[in-house]
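Next come the chains, spelled out residue by residue.
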Amino acid sequence: MEGSKRPLSPFLNYRWGITNTLSILHRLTGVYLALGFLALARWLLALASGPEPYAGVAAFYGSAWFKLPLAGWVFCFFYHLANGVRHLAWDAGRGFGHAEIRASGIAVVVFAVAATALYIAIGML
Amino acid sequence: MKSPLNQVLGLGSAKEGTSHWWHQRLTAVALVPLGLWFAIALLGLDFGSYDALVEWIRDPLTAVLLSLSVTCLAYHSWLGIQVVVEDYVGPKGARIVALLLSSFAHAFLLAASLFAVLKIAFGAAA
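These protein sequences, in sequence, are chains A and B.
The working numbering numbers the first residue of the first sequence as 1 and each following residue consecutively.
The working numbering numbers the first residue of the second sequence as 1 and each following residue consecutively.
Please note: incorrect hints may appear among the correct ones.
[To be verified] From the structure, some residues in chain B lie toward chain A, with a derived Cβ separation under 8 Å:
#, residue
1, 26
2, 29
3, 34
4, 48
5, 53
6, 57
7, 107
Keep in mind that the hints were calculated from the coordinates and are not lab data.
Built from N, CA and C at the ideal position, the CB exists for glycine as well.
Next up, chain B with everything else stripped away, as it sits in the complex:
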């Protein structure tokens, strides 16, 4: 009797079994106050005024909370999309391509958002 068990016996555990699950929860808890802050802040903004929006992001507290928000959002979204892809995309090749695209897209969106917030925050006063 041969079972797949002999392929893992003796290798020890990777010890990372719960990190995906845990990080998804960690970012979820962080996104509750951050998401509510962002949603409420949007209600008070004048989207027709470029200067007012830039002034809002230049506020240090806004810049920090926005940076934390997009970071947690990117991480949480990346982990979540990964689970959806793994559950619904069957063929191995398509699954790997989808996971690569999701990873690159999330990395790009995070870099773009952070750079934009910091550029405005560190920019010369209007």
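Just chain A, same shape as in the assembly:
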């Protein structure tokens, strides 16, 4: 490669930056939210099964160790929602400027963290 002026393949000169970090985070939060569908369906099935089966699932979902995965779903929901809207704006051809991409990325992270904190605070009241 020495002395070569030819461009490198993209995967040879990838650097971690805000854009590709948020991009992979969109997929990771999406996969985790898919697991949340499992928890939601289990909850609905328990409700449809009657008070006794529901009590068992409610005790499990209300237990201390389940709080962290639950908080994870809250964060993933708000992150995937905000970044999803960002993607829809790109699909409409908007927001592709270098500064815009950076600013919208930071806005998504700030929104996701703030909304998660607010939601958990209201939920605990």
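Using the hints provided, position chain B relative to the given structure of chain A.
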């Protein structure tokens, strides 16, 4: 010179090139209001009261919005997991098995969620 081109020439396009992409966006747009509605509704529920939760789902508007939510969620999740599997699972056999499992899992979760909501909604008044 032989190229793979001769395998597709004359067959015409499948005309479904954009449907995966489009359906993913369609369900994404639908899930913005549905997801926000569900998240806000959860804040007002008493999870310790079985009767109160059943009464909430028996409300026709709740039952309709919940049915739409789980349907869009299942479709959107199915499409999304498919893309992730296709991008990261290399071996062809493992990829096909993963796609089959994801499809069956999503079909089961959708059927279970819809049946549960409708059973409660159509159930006899408590």
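Hint check:
1. 26: 11 Å, violated
2. 29: 7 Å, holds
3. 34: 11 Å, violated
4. 48: Hint holds; residue 48 of chain B Cβ to chain A Cβ min 7 Å, cut 8 Å.
5. 53: 6 Å, holds
6. 57: 7 Å, holds
7. 107: Hint violated; residue 107 of chain B Cβ to chain A Cβ min 11 Å, cut 8 Å.
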